[in-house]
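> Here the protein sequences come in this chain order: A and B. All the letters of the first sequence, read from the start, carry residue numbers 4 to 589 under the numbering used here. All the letters of the second sequence, read from the start, carry residue numbers -11 to 185 under the numbering used here.
FYI, nobody ran anything at the bench for these hints, they're computed from the structure. Just so it is clear, the structure is predicted and the values come from calculations on it, not from any experiment. Certain hints may be false.
Residues from chain A that keep clear of chain B, each with C-beta distances beyond 12 Å, as calculated [to be verified]:
#1 I185
#2 D266
#3 G326
#4 K408
#5 A505
Dumping the calculated EDC-like pairs for lysine to aspartate or glutamate here, alpha-carbon to alpha-carbon at most 20 Å [said to hold, decoys possible]:
#6 A:K321 to B:D157
#7 A:K321 to A:E248
#8 B:K(-6) to A:E252
#9 A:K327 to A:E252
#10 B:K(-6) to A:E248
#11 A:K189 to A:E61
#12 A:K233 to A:E248
#13 A:K153 to A:E20
#14 A:K43 to A:E467
Glycine included, C-beta positions come from ideal geometry on N, C-alpha and C.
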Amino acid sequence: MSVLLSGNEALARGAYESGVTTAFGYPGTPSTEILENLAKFGSAVYCEWSPNEKVALEAAVGASLAGARVIVTMKHVGLNVAADPLLTLAYIGVEGGLVLCVADDPGQHSSQTEQDTRQYARLAKVPILEPADSQEALDFMRAAMDISEKFRTPVIVRSTTRISHSRSLVEIGERIDLQREIAFQKDPSRHCPLPVWGRKMRQALEQRQSSMAEEADATTLNRCEIRSAKLGIITASIAYQYVREVFPEASVLKLGWSFPFPDNLLRSFAEQVQQVIVVEELDNFLEEHIRSLGVECHGRDLLPPCGELSVPKLLAAKARWEGKDYHSLPQRFATDTLPARPPVFCPGCPHRGLFYGLTKFDVVVTGDIGCYSLAVFPPLNRTDVILCMGGGISMAHGLEKAGEKRKIVGVVGDSTFFHSGITGLLDIVYNRGTTTIVVVDNRTTAMTGHQDHPGTGRTLQGEETIAVSIEDIGRACGVRRVRTVNPYNLTEVHTALSEELAAAEPSLIISRAPCPLQERKPVGPCHRIDPQKCRRCRACLKLGCPAIENEQGVIRINPLLCAGCGTCAEVCKFQAIAPISQEESK
Amino acid sequence: MTTSQKITSIVLVGVGGQGILLASEVCARAAMLCGLQVKANEVHGMAQRGGSVIAQIRFGQEVHSPLVAEGMADALLALEAIEALRFHQFLRLDGLAVVSTQRVIPITVSSGGAVYPEPEALLRQTFNRLAYIDALAEASALGEPRAANIVLLGGLARHLELPLAVWEDALALCVKAKALTSNIAAFRRGLALTENC
Chain A
4 MSVLLSGNEA LARGAYESGV TTAFGYPGTP STEILENLAK FGSAVYCEWS
54 PNEKVALEAA VGASLAGARV IVTMKHVGLN VAADPLLTLA YIGVEGGLVL
104 CVADDPGQHS SQTEQDTRQY ARLAKVPILE PADSQEALDF MRAAMDISEK
154 FRTPVIVRST TRISHSRSLV EIGERIDLQR EIAFQKDPSR HCPLPVWGRK
204 MRQALEQRQS SMAEEADATT LNRCEIRSAK LGIITASIAY QYVREVFPEA
254 SVLKLGWSFP FPDNLLRSFA EQVQQVIVVE ELDNFLEEHI RSLGVECHGR
304 DLLPPCGELS VPKLLAAKAR WEGKDYHSLP QRFATDTLPA RPPVFCPGCP
354 HRGLFYGLTK FDVVVTGDIG CYSLAVFPPL NRTDVILCMG GGISMAHGLE
404 KAGEKRKIVG VVGDSTFFHS GITGLLDIVY NRGTTTIVVV DNRTTAMTGH
454 QDHPGTGRTL QGEETIAVSI EDIGRACGVR RVRTVNPYNL TEVHTALSEE
504 LAAAEPSLII SRAPCPLQER KPVGPCHRID PQKCRRCRAC LKLGCPAIEN
554 EQGVIRINPL LCAGCGTCAE VCKFQAIAPI SQEESK
Chain B
-11 MTTSQKITSI VLVGVGGQGI LLASEVCARA AMLCGLQVKA NEVHGMAQRG
39 GSVIAQIRFG QEVHSPLVAE GMADALLALE AIEALRFHQF LRLDGLAVVS
89 TQRVIPITVS SGGAVYPEPE ALLRQTFNRL AYIDALAEAS ALGEPRAANI
139 VLLGGLARHL ELPLAVWEDA LALCVKAKAL TSNIAAFRRG LALTENC
């Protein structure tokens, strides 16, 4: 049966078909929907959102050692968090197949960095497969499971934004019934990398690399398409699709299993063509290696070193290769004259009240990763630095210890707090810090599309569970000043910030209200501005609410957008903003 | 259906939350019902928080890239007036722009002093073929303001090579049964409005 699937849906389907019974992950664009879709297979596959990617991979190792087939999902920066277990896992190896599905984000559509996960494959000495469309996403996931068990190694399946979020037709298959007995077999010399055994594992790892390279030379996952002998292109992943459009006559070595490098295949392909161009997105990972084999090739000399590839970029590369000029299409309209439309806090977003409250204080705000990173933009301008998950808490501590004169506020989301915030909080308490930490708790992992987390009381597969209390964690970390505020009440927010910033000890403020986007209902009745009372003081515009529209001094609330949170009515000094009464709205 | 090598490329743009994904899904389904290969791409994540969004669909006998290259789109469907201008460079010179008159004021205009331009003259000078439709009013008149996207899709469908009947079958696959009648009415209204474009 042929169905239209996104890359992420196809990866989930491939995992299901390959007999996976356990799956772990942490949400992150563009990887999130892999686990969300796998979870839909119900009791056939146990799926969970782990608190972070490191925990997810460690849990997956446990499942693998018990004999289960397992996948772990994350975005590229998630693999930074999970790098520690990955590098050791390569030593101890797997029992049941273990595949990491890692989604890179070339072009940084939704990410703080652009990273090439193939570098991790080389660092960890584990194989990596790179599907080029949804069909391959499914097929490669199945192949990855077999490779994992054959070589007792973790395998990375690397997706990218354009693979994960593009849809194409897929022929789906049946699930393998493995009938596998789950039982951990005690064998310390295989499972405990103490130096005495670790050194042996290290040697075995080299041997395994050679065997895998031989397999990569022979595998059908790598494919030679011989057309013209004049030009041969070596490529992988989504870049293959662009190559086929721009160089329809060229011979192509399409790599699906790119590391360990299939050296014999690379050499023999290069021998069949007069010139070689390596077309790869992000790092010149293949090109450097191919050059090291003594094969002359083009690559980075023709292509940009960062950002997404595209058909126009390849057309420019082709022109450069042919020694011609490339002219991109002239703009018929100067788009830089248009007002920008950056992402913003949604109407009714509870983060708005907290960050608006922070605009009243001369403090440094160390922010974190999530919807609330949008507070960095005007008109709120109330986040000063963003590093990584949990960094909002630890950076605040470092600023204080360095002697920053202003008070420091660290802001972190609820899911992010569970992910990596707790250890930073411990640091502040233990090392006698006094910073104020705010958890903006909207009861969900919002930015990635509303996933549950340890604080929500519900699991990925919809079971009720203990809702872990952020307040209790704060107190357990040793914070004595813990308080909860309603971010829709600006007075309450202001009082809490004033008091906690004045305290000579660490404080934890939980700013709590659920994300209205997830609740799928307005916070309250739609509001409107009474033009008779409005003095055009623009105070409401400082909230940065997209429902409050101002064109040439005429300020109104768009009733199609207003979520009824009432925050604008609170900041209006002239009582010009009020809820529309029920009679009027009829 | 034609057996030519032609690939049809469509770009849909608007503001997060306007219903781009549904319009994109209906397009994809319609092409699939014709037995064509389909590739589509949609934006997720950060851009959905009220920012500009884009979806791209390509269909034909054999499709490689899921993305539409600049100057290669046969049609551009815009649910918001200035978003059509922002993404105009995707459209072929002789391609059709189907644009809603709806304006969503960006935060940079409301609080930042940027100006929302008067779009119609700019659209007419940018696009050789333009259907500029008050899709929101048309859909509201049919009792279903949320079907503004489907009115525009009707406008688009008239100028694509897929048989018109297929679109209504595709709609039936994509919208809930109780909304089907109003969506088909919206689709037909869009068809009627672009007869002369």
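> Would you mind confirming whether the straight-line C-alpha gap from K189 of chain A to E61 of chain A stays at or under 20 Å?
holds (18 Å)
> Assess, step by step, whether the Cα of K(-6) of chain B is no farther than 20 Å from the Cα of E248 of chain A, and give holds or violated.
holds (13 Å)
> Keeping to a limit of 20 Å between CA atoms, is the pair of K321 of chain A and E248 of chain A held or broken?
holds (12 Å)
> Could you check that no beta carbon of chain B comes within 12 Å of the beta carbon of I185 of chain A?
holds (35 Å)
> For D266 of chain A, which was marked as not at the interface, is the minimum beta-carbon distance to chain B over 12 Å?
holds (28 Å)
> If you draw a straight line from the CA of K153 of chain A to the CA of E20 of chain A, is it 20 Å or shorter?
Holds: K153 of chain A and E20 of chain A sit about 18 Å apart, inside 20 Å.
> Taken at face value, is the distance from the CA of E467 of chain A to the CA of K43 of chain A at most 20 Å?
Measuring from Cα to Cα gives roughly 17 Å; hence the hint holds.
> Over 12 Å from every CB of chain B: does G326 of chain A meet that, or does the non-interface label fail?
With a cut-off of 12 Å, G326 of chain A remains clear of chain B, as the shortest Cβ separation is near 22 Å.
> Under the criterion that the straight-line Cα-Cα distance not exceed 20 Å, is the pair K233 of chain A, E248 of chain A satisfied?
At roughly 17 Å apart (the allowed maximum being 20 Å), E248 of chain A and K233 of chain A satisfy the hint.
> Could you check that no beta carbon of chain B comes within 12 Å of the beta carbon of A505 of chain A?
Since the minimum Cβ distance to chain B is about 31 Å, A505 of chain A lies beyond 12 Å and the statement holds.
> Starting from K(-6) of chain B, check that the Cα of E252 of chain A is at most 20 Å away, please.
holds (18 Å)
> Please work out if K327 of chain A and E252 of chain A have their alpha carbons no farther apart than 20 Å.
holds (18 Å)
Figure legend: structure checked against the earlier numbered hints; the only hint not met is number 6.
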